[in-house]
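S.K.: Chain residues, written in single-letter form:
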Amino acid sequence: MYLWLALFFFIIGGLEAMVLRAQLALPNNELISPETYNQLFTMHGTTMIFLVLMPALIGLGTYLIPLMIGANEMAFPRLNAFSLWMTFMGGTLLYFSFFAGGGPDAGWFNYAPLSENNYSSSHGVDYYLIGLILTGIGSIGAALNFVTTVLTLRAPDMKLNMLPLFVWMMFINGFLILAAFPLLNAGLFMMLIDRQFDAHFFIPSSGGSAILWQHFFWAFGHPEVYILALPAFGIISEVIPVFSRKPIFGYKFVASSTVAIALLAFGVWVHHMFAVGMSNTVNGFFAASSMLIGIPTGIKVINWIGTMYKGSIRMTVSMMFALAFLIDFTIGGLSGASFAIVPIDWQLTDTYYVVAHIHYVFLGGTAFGIFAGIFYWFPKITGRHLSEKLGKWHLWLFVFGFNMTFLLQHMLGILGMPRRIYTYPDLPYWKILNLISSIGAIFMFVAIGIFLYNIFITLKKPRSAEDNPWEAWTLEWSTPSPPNLKNFEQLPPIHSRRPLWDLNNPDNPDKRLN
Amino acid sequence: MSGMEYFLRFENWSAGWLLFFVFLWISHVVVLKSSRVHKVCFASGLFILYLVFGSPLALLSEYGLHSTAMVKQMLIVMVAPILILNGVPKNIFAGSMRNDFWNSGNSKKLVMVAWFLGALAMWGGHFFGAIVMSAKTGLAICGISAPIEGWFSAVPENLILAVLLLMGVLFALPVFNPNRSHRIGALQSVAYLFTSCVSCSILGLYVTFSAVSNATLNTTTLRNPFSLSSIADQELAGMLMWVPGCFLYVFLCMAILMRWYDEKEGQLKPQPLIMKTKKIEQIHT
Amino acid sequence: MQFPDIEITERLFLYFGIVAFIIFVLVVFFINRFTVKYRDKGEIPVQSGGNEKFEVGMIIIAVCITTFFLVMTLMGMKSIQTIPDNPKADLNIIGHQWWWEARYTESGVLTANEIHIPVGEKILLGLTSADVIHSWWIPDLGRKLDMIPGMKSYMWLYSEKEGEFLGACSEFCGAQHARMRIRVIVQSREDFEAWEQGQLKEAKFSSDALFNRGKQVFEERTCTNCHSITVNQDSADIGPNLTHFASRKHFLSDMKENNKENLRAWLKDPQQVKSGAKMPNFIFPEEELEALVHYLSNLK
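Chains as they are written, first to last, in my numbering: chain A, 1 to 514; chain B, 1 to 285; chain C, 1 to 300.
Chain A extracted, bound-state conformation:
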């Protein structure tokens, strides 16, 4: 259900992006009005983050965590349903704003005072606030469910230090969500009170503080980046070892760097605000922490590559998406590290360089991770294999279009194009770069069409998948594809991080951990 929801909003968000790119294809274009443009980019950002990536990851987590830890169900099935419908309600309300006088138009970051009554008079922002509060409650419920499930419903032999990496990362992610979303919801409520009951938390002209909103938003917003990235890391940490036929390189380092990221994530948010004008002292310390958080992420990339070393690699579509993830996420990570270097940030923040960066992280990172996960687990979930041939078309078109669209946007940022502008003057190179960028978006659009078609025709085929088509090691592959209503009738013995490996290779088992 979560996955369908995510797919549905993904199509909507993608269409919005196409309109945006069409508007930006040429200088001084007047295809859509600035007001429409602002609503569209606000909705594009909000939809993609809160209604596509979050539900997709939560959906995968909800489906897979019980299977991977040998449980029959999530800890709180009703809370689970509640979370889903809260997210759905939030999304619906958000889109209802278009029928109620105009969508939110202050950006997904919704900076005060632009988002206050004086400057945004339609009800769009109100719908945005309520919609996000609802999805936020949904996410918190889901996170609570993850944490409880992992803590209480593990198979009796499975110790916490034997969790599959995907589960470990979702577990840590649960804590991140539990800590970060209340911050956002507090901020959202304060703004709602501002707008509906004329308070002035964020209105400087009557004693509020415009910066306060930014602190709230980014104290949530930066952990949110990792909330979206960690599950993708988890997927990659499952996919690469399985298709390299080798255990993950440095489990300890991958797993503990996750915790490091989670802990540090709450100490770096000011790097979104280097240009606000805080003192060098404050900026300097946050530069240090922002640089440091790059280290655990870098360690992970090294470990994934190390996993392939002396492996036996099978190039399935899932594995190829994982590799595309590695390369594109590295670009995203590196461009992200440049923002920790404060003088560079002072030049490039709020330009197209940032736009390129976030898309490399969210699309090249999270979305590629999700695609890899979908191709990997689709047989388990539906009992049918997605077509590898169509999958390869999807992969190559998407990767090509993606890099075509966003690689050049780094250049645009360096040339001085600010982000969130609905049009731009015809300065040297701007036109051609934007045009290429827009054409790249068409490739991605076609690729997603192929993906949808792939899902559609696969679902019409009869069920043919074996229990463990990839010869994987984690518990979900010991069930039939798709699993029975009660996941497990009996569990294999669990003595290491790879129970099914031990089962299939009794002469060469992993080190026992219990």
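Please note that a few of the clues may not be correct.
Taking lysine-lysine pairs in the DSS-like style, the calculated list, with each CA pair at most 27 Å apart, reads [unchecked claim]:
| no. | chain 1 | residue 1 | chain 2 | residue 2 |
| --- | --- | --- | --- | --- |
| 1 | C | Lys41 | A | Lys310 |
| 2 | C | Lys256 | A | Lys431 |
| 3 | A | Lys392 | A | Lys310 |
| 4 | C | Lys78 | C | Lys53 |
Chain A is nowhere near these chain C residues, computed Cβ spacing over 12 Å in every case [what the hints assert, rightly or not]:
| no. | residue |
| --- | --- |
| 5 | Ile23 |
| 6 | Thr35 |
| 7 | Thr82 |
| 8 | Thr105 |
| 9 | Lys122 |
| 10 | Gly163 |
| 11 | His227 |
| 12 | Lys300 |
Don't read these hints as lab results, they were simulated from the structure. Glycine included, every Cβ here is placed at the ideal spot set by N, Cα and C.
Starting from the structure of chain A, add chains B and C where the hints point.
M.R.: Frame of chain A, contents of chains B and C only:
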């Protein structure tokens, strides 16, 4: 006089304290049967204490610098106790009374008490320091302005520091007890450390941002060897508490976790953390 | 000799670019090599779970790189952004939806959107905003800094070269964020002073009938409620001060060239030209429009 010169001036380093700590270390070496790692840890713990008590850092508080007070406080509450506990061999607490004490079923409560002691050491120590300093300089520090002639200016600074050290040791005890069987579990340790890290962060956050809103700070520049303005000084103090303080705990959490991942159930080796990593290195070489 | 800010940034970016490029090439190289070399040959590889020494080594390398950049960053920040203790701005810029107001402290000159500065002199900018958050950014002349209502931020503006430099608001500020651009004109000290003198002259009078008719329209049609036509008068700062309007080469925040044709189109229907702008549509009769255009384009 630049900051560098100030630190290099010979007369700013106290010989008395140096002798005292060297004496302590020698007695540690002579009395306790400890490994080399223990000795190194203990020595570095003492060195940090010397920095706090006897180095130019100690004198700097005369200038009413908030940030140096913060450095001292962090060293004494957060860093020194951990090093010292790691520098003590297991048998020092072998006394039967202590064992009963820890096994008496109250340990959960004791852990909570230790946590609050740690938090109190950070918060209380900080605000008490601010009061004393405010009394000395007549400035409002951290929103606190104290009269010059208060009873608190009579409390000797070293006494406060000693109390803080004791509290720091008690705080670190549940996680770094030399006797490993008395430590709390790895994941609990992470939670323990991280929650106190959050408490430090909040304090740091408060100190940092109360600097900006304090208008009087903007206009005064303290006389000090670093030519720091008061506002920069206070921001520095807050950020020191906030960011490096957090890193320390995050780093410790990582070290604890790394060990935990390899752990088999019930297999707890009674040796300090640092020795473990040492051993790994030896295996490889 | 102190480097101009932009050079510090460029140097940092160069170093960063080199390191990032090396890392990226290494990643791609190893992925490529491993996928080719270790392609599935049907045998089960050795099940090794990593190498701690290698990982620790990588962490140490990463920490070294980070430390290097941290030191560079701190030094760069210090030389770019060292503001005196009790700053007094040479030039105050106030952001409005969607134009820039500029006030020169020393001479008292008041202008909008086209900002003149003398070459080779460090100018302390004081930035704030009258409504929402804007952000000052001239890519070729250094850092950007947000302009936040209720708060004043300071930065240095400096150019070694004469010429015109384009910039833009770089914090999303509403409908016409895209067309909130700015032009900084760097000129020699003499030219700059001459320009300042020109700006300080009283509003022009003329015996030209059409000019006076235009002035009359301007006053009667409540233009003065928002736009001042008195030198340096800042009471009515809802719209830009127009005393020396015609001395600016562009108008509407660098959107249009300042000529009669564009001016006429704008006055006729502002929303058509720049939708969302705060200028109301007055629906001037043709005769008034003619006079107004004539009047405004003579306010040198």
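S.K.: Each hint needs a verdict: does it hold in this structure or not?
M.R.: Cross-check of the supplied hints:
1. Lys41(C) / Lys310(A): holds, 11 Å
2. Lys256(C) / Lys431(A): holds, 19 Å
3. Lys392(A) / Lys310(A): Holds: Lys392(A) and Lys310(A) sit about 25 Å apart, inside 27 Å.
4. Lys78(C) / Lys53(C): Violated: Lys78(C) and Lys53(C) sit about 38 Å apart, past 27 Å.
5. Ile23: violated, 6 Å
6. Thr35: Not fine: 6 Å to the nearest Cβ puts Thr35(C) too close to chain A.
7. Thr82: Contrary to the label, Thr82(C) does not stay out of reach of chain A, its closest Cβ about 8 Å off (not over 12 Å).
8. Thr105: holds, 19 Å
9. Lys122: holds, 17 Å
10. Gly163: holds, 15 Å
11. His227: holds, 21 Å
12. Lys300: For Lys300(C), whose nearest Cβ neighbour in chain A is about 26 Å away, the distance exceeds 12 Å, so it holds.
Checked against the numbered hints given earlier, this structure breaks hints 4, 5, 6 and 7; the rest are met.
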